Amino acid sequence: MQTIMTLAEVARKLDGALEGDGRVQVSGLAGIREAEPHQLTFVANPQYAAAAAATRAAAVLVPEDWNRPCSAALIRVRNPDKAFAMAAPWFAPPPVPPLQGVHETAVISPAAQVAPDAAVGPFCVIEEGACVGPRTVVSAGCYIGHGVQIGADCRLYPHVSIREYCRIGSRCILHNGTVIGSDGFGYVQEGAARRKIPQIGIVIIGDDVELGANVMVDRARFGQTRIGNGVKVDNLVQIAHNVIIGDNAVIIAQVGIAGSTIIGERTILAGQVGVAGHLTIGSDVMVGAQSGVSKNIPSKTFVLGGPAAPYEKSVKIHAMTMRLPELREKVTALEDRLARLEQSGKAKQ
Amino acid sequence: MQTIMTLAEVARKLDGALEGDGRVQVSGLAGIREAEPHQLTFVANPQYAAAAAATRAAAVLVPEDWNRPCSAALIRVRNPDKAFAMAAPWFAPPPVPPLQGVHETAVISPAAQVAPDAAVGPFCVIEEGACVGPRTVVSAGCYIGHGVQIGADCRLYPHVSIREYCRIGSRCILHNGTVIGSDGFGYVQEGAARRKIPQIGIVIIGDDVELGANVMVDRARFGQTRIGNGVKVDNLVQIAHNVIIGDNAVIIAQVGIAGSTIIGERTILAGQVGVAGHLTIGSDVMVGAQSGVSKNIPSKTFVLGGPAAPYEKSVKIHAMTMRLPELREKVTALEDRLARLEQSGKAKQ
Amino acid sequence: MQTIMTLAEVARKLDGALEGDGRVQVSGLAGIREAEPHQLTFVANPQYAAAAAATRAAAVLVPEDWNRPCSAALIRVRNPDKAFAMAAPWFAPPPVPPLQGVHETAVISPAAQVAPDAAVGPFCVIEEGACVGPRTVVSAGCYIGHGVQIGADCRLYPHVSIREYCRIGSRCILHNGTVIGSDGFGYVQEGAARRKIPQIGIVIIGDDVELGANVMVDRARFGQTRIGNGVKVDNLVQIAHNVIIGDNAVIIAQVGIAGSTIIGERTILAGQVGVAGHLTIGSDVMVGAQSGVSKNIPSKTFVLGGPAAPYEKSVKIHAMTMRLPELREKVTALEDRLARLEQSGKAKQ
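Residue numbers (my numbering), protein chains in the order written: chain A, 75 to 423; chain B, 75 to 423; chain C, 75 to 423.
Quick caveat, the hints were computed from the structure, so don't treat them as lab data.
Some hints here could point you the wrong way.
[Claimed, not checked] Chain C side only, calculated, beta carbon under 7 Å to chain B, not exhaustive: (1) Q99; (2) M160; (3) P163; (4) P232; (5) A287; (6) G304; (7) K306; (8) G362; (9) A363; (10) V405; (11) A407.
None of the values given here were measured: they were computed from a predicted structure.
Idealized CB from N, CA, C, for every residue including glycine.
With the sequences and hints as input, model every part of the structure.
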């Protein structure tokens, strides 16, 4: 059942221009460094130009103006990245048959509402008052708490848990182990000990949101923790209580956002960034990887570093820091020269 | 079933002084930036003073000596933060009915002991020799290993797992997906490969401990990994084998503590901090966010940075680093002036 | 059923030389700082030499050339660390009886293949086409997706999930909550929104791999995310799509590796390291804790810092940065001296 296509067919379906033998057959895809002679690959990132000269692939999808050497046939396309994404499903393993119906082992409260065309896997628990929308798939071992609302066409992978009263929009994807609505982290100090502040708010997640595996979104202390429409969150991200994330923001793996911070629309937080609490990060902000954000950031800014500073400044400061030995040598040389001058001055007196 | 109260009632119940129309009704709570005209809010953090001037809330809980402009009625209280925490439950959704009894799907070893008034949710597994104390709630899908002991009045949220022989005190809260007693990370190198060192110790967790969602506490290589009484741990924290955490310590999200390190009482590790192994961190230490701790730290110290240094020093060094361009300009100016002096000296000779 | 041994027996079984009373009995092991009078401990790390002088242990395993004071009996051995690892199981709680057979609650597709001597715990789901090899143990609540292949003698702890078509070698250990094959994080921007790039590759994990608790390994966008033989990964690590990790590499807790990066054989990434995407990290590389790697790294290099630089350079630059106040004072002193010289020069004119 493996798909086999000729390069001529591939080029035609991708609306590309083939340079090479159209009769050669391919049966799969791979990265340019790993590709074997029966595979198709692509170059979108200039870093891989060298690899193109040595690839063992049958053919490489390249940009239309490509002029570097290549050891394989070329298929020139307008956007190699996009073309490759289009070709990938042709050769992929057959998609998994969709989960259907409600598994007999699922424990669903009679006071929960599951749409007739939703699917619920084995060992799921759906509590009283919860609603699961049309065509939504709740995979094995998920926990859906009291009064939770999930929209239409969502996909929850195994072991997701959503605590009471949280609301998920439509067309959302939640990957394995993600937790929505765990308690926010808040205490009142009483002597050396701490008394827990009840966390009685909820989490509201918009439409078209994707949350990676083991993403943690804490419920609000009161009111709502909110994730806007179209937000994409990578694995192992921490989103604390009362955080608000604007539409179409992108949060890369292992980012942590502390309580009550507001992230603007389309803002991108790169991997392992930390953002302190009670801040306002504007829209269209880019925060570089591993940065620590401790102040508000205006919209349309690119910041980097710990603590985060404007990108150009951060890069400049870093470069100067790496040249500190040189600066110190200059200062030592100045001291020597100045001492000689002072000596000669005294000698003249 | 929504609670509605007048501002007069709110002020009276909070023992506060109202400035505004006592007949106005509120039906909920929200943050000062999001509050709507039927909601109550508060200001505890001076950062929000500006927001108070523009809030749409019906009333704001403020400190007794508040003297800033505010667009809403005021209720002066001794501690707005605490008063708000007290008011929050009045307006919250009804608490979820507590889990009761042992769900028929739970798989409980006949050689396990579950207190008659403990609750065990669907799809839980409780192995041989495990003990679950009075009034403790084990939510859906938890795994309680062989010989595990859990005290009274604990709450385990869904998907917690506790491996063999670990012990949890009383009144502990473990959030979704938390793992207690996974193997510590230890190997003996044998050529290029590594042989696993058996991890045969346990984890002991004190009373009144709260562990966030997806907290990982590894079992000891031998002996015990220990978490003291009253310790509070946020989401996605890593606590390695043989770590000892003193009473009432606070560990914020995404912190990692390497093996055999000792953390003193009441010490606070802010978000994303990393602590190397085999260290002793004193009591009442504060470690700033994202710091990297590579040396012992004496008690009552505030450290910051990577590697962590005393706070004031760290802040000073950072400020100087950010002024490196200015320092380099000074050195260049010195070089020019010195060259002129040297020239004029030569000219005179 | 507690094991009790005399020091003479311990010394004999470890092939060590006892200095002290061979009749003294020990019944357990502990760290040198926590050990009690009936316990055995060891010193391998020079940091603990001071603790050896004060330990309450019955005896301490020490290196053969040990010449520091010690408050307990000594047992001189060639490798105290290894000897201790050998002694640990003698005193450990009885190992948990191995899971056997297939639990009646497990939901296993009739089109899955489970070896007759494999074990499957309660509430596991094994989908169509999946294969579980001989003697492999799948603990409670695991999810094994369509067409997944797991080799022989593996151990999956509770709540592991492996998505469709991924392949695990033999003798692998996967700790609680680990997720294999979740979607890689990839989108094509379309205006403000993002269209998901199908992630249709798989994950291939070699033999003798250990993955800690809540490790996330994303499936490839196409082709394979690959983890080599003998790789050891600590808790809460993020491995993105299309990453390739060489044999015997070691990845410590909370590391994040971005998409398409290649990590060489035997390379060690210390805790909380971040590695950018599309990089090649050589073999036998050591990356210090919390470093940020943004460029390719040649083999046999030790790097540190954010961004990572060669270790010696990084340490030197850090030392100089910490002495910036001193450098600035020197520059100020130079300015003063130079101004005086300039003044005296003018005075003479």
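### Indices of hints not satisfied (ascending)
Violated: hints 1, 2, 8, 11.
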